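572 is the number that the UniProt record's numbering gives to position 572 of the sequence shown; each next residue is one higher, with no gaps.
Just so you know, the hints here were simulated from the structure itself, not pulled from any lab data. From a predicted model like this one, the values you see are computed outputs, not experimental measurements. Built from N, CA and C at the ideal position, the CB exists for glycine as well. Incorrect hints may have been included.
Below are the DSS-like pairs computed for lysine-lysine, each with C-alpha atoms no more than 27 angstroms apart in a straight line [as the list claims (entries may be wrong)]:
hint	residue 1	residue 2
1	Lys140	Lys54
2	Lys411	Lys469
3	Lys531	Lys544
Each pair of labels, with its calculated beta carbon distance range [what the hints assert, rightly or not]:
hint	residue 1	residue 2	range
4	Ile299	Thr22	20 to 28 angstroms
5	Ser84	Glu17	51 to 59 angstroms
6	Ser510	Ile165	50 to 58 angstroms
7	Ala300	Glu474	44 to 52 angstroms
8	Met25	Gln462	45 to 53 angstroms
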Amino acid sequence: MVPCFCAAAPRMPSELESYAETLRMSAQDDAITTPSFPMYVVPADVLMAMTELKAHEELMAEGCLAQFDGSQGNAMFVSHQWSSIDHPDPHLEQFKALQDAIRNAMSGTTTIWGNISSEMYDQTFMGQPHHLSAAELSSKPLFLWYDFFSCPQSRHNVAHRRLAITSIPWYVDKCEFFVILCPLLQHADTRELLNRNSWESRAWCRLERATRALSAKADMHLPIEIHSAAHQEMAAYFSWFRYPVGEGHFTVESDRQEIAVLLRGLIQKKLQFYLSHGHQHSYRIMSNLQRVLLRGLPIAPHDALVPGFVSDLLDPASFAAAHFMYQNGFQSLRERDEAGWTPVCYAALDGNPMLILTLLEQRADVNDKITKGEPMCHFAPDTPILHISASLTNNGAIKVLLANRADVDAKDGYGATALLWAALSNNVEGIKSLVAASCDPTERNMIGYTPFIMASAAGSLQAMGELLKGTPREDMDLALHAAMRHGEGGTARVVSTLIEAGADVDHQQSTPFFSSLGILFSGLSMRHRWKQSTLSTYAYHHDKATPLMCSVITSSFEATAMLLAAGARTDLRNSRGCTAADIAVETSAPDYILSALHEDGDARAALVMGFSDLAANCFVSQAF
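When you get a sec, could you build the whole thing from the sequences and use the hints?
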């Protein structure tokens, strides 16, 4: 007999609530007790005065390092990709950007806002965008953790270096701020282009970000991305589970098992933290995201955190459903928690097809949706479970929902269909399933994005390829602007794909005043006069702006180089009368960008050098 959780019964405390109370009463310390290797940091004033990078051992001998325990002030963890094989930054390109960015942020010359996607979400659904002020950064003495300084580097000190690496979760947990140092530059040895995308491709970098998201201080400040001295922004929260650690690049494949054990332990600790602090919704979100977070790693989710579950059910599907309800503290399928989620909404996060099918058989609604916005995932109010499944690449769940006649035309609070979420997540299999079920690939959301435009904005190349057929040419221009607007699509590959498909590199955009974007940009351009952010700068300059101008505003300098290589004009002006070079001056773009925009000579040739082959392909395709 299959148990049914449909009927509403008198509300009694669940085992989840009882277990949470037990955790609270036990007064467990949220912090990891001690690191395997001390946390050595550099005082900010010492770091600012550095003119060369010295290894840990040299700095220790000179007395430049402090052992941090949290009482001296605030710490900042700097995550970065080494720019040569045997030295973190041989030409000080990254380090100079770090010094200048911190100096500007602490002096108030720059203010750190969320990236454009985050600020648009916060402005629309939260009412107030987040930002990090100079006062917050300077409220206490600042110390920085930087691997070359903080971890032993000598070949005679390998054991201690390994201990320091395994202590990274402790270090991150102690840090008030987490920085991703990712200015555009070339690797000194391989000539590979280094930027945020290359940083994000590495499994260890993803782990550091995941460690931050799973730390006790994660909700205080989002990770800060440093793109240049003048451009710092808080990253979107959902990036860390959109790009799972296990799907990143491992230089040493044997690290995969070690990372798997470490990451699952961090997840379990975070789940206990949420419960002990009474955050049941956050616990449910994190618990049911485990399969996504551990994707690509040789380890199973921890699915029995709440002890005491017993059942005499013999049917595996019924047992799994009962266990799911128990672990999530639900007593009825119709129960909706304070955050606006029902059990089947959380099951869509988990993505287990058998679980979802069993809940549907027990009368869960195949078109159920969350009723409130969810900042952690950037879901809008009224997001259906089909959309949730598509966004997380839970393709087995998508097939179950479609087989049970989920509404493929349903829209969330953004006006988006599930297909748009699949495009955002580069979910090609999900796109194919949804299109086969007659989900319309030309349907637009509230800001005029089709799934193809969204894929371009997100830098989802495989999704772009899948959706390209049937996309009208005029949408290529819109897609190119969307790619520049959101930054993630500002890569040479995305830009070249769009140009090859017919996008005009010199298209000057015009946003209807009474459209959703037009109204948003109008308000933000007014705010820009006294409170500036990347989004307000974009809003102020967007009318008649070219993709080249927009790439400068969002610090998508890889796209800047690609557009120049493809012949983008530098003499065009937007409705404010500004050229791309004028905007570069206003936004304090790096000197090499300003020089390349001002002259068609050596500076521009040096910038576009790595993109000539891609640009040539664009010209060939346009000739035909």
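Exercise for review: Identify every previously stated hint that the structure contradicts and give their numbers, smallest first.
Suggested key: The structure conflicts with no hint, since it agrees with every one listed earlier.
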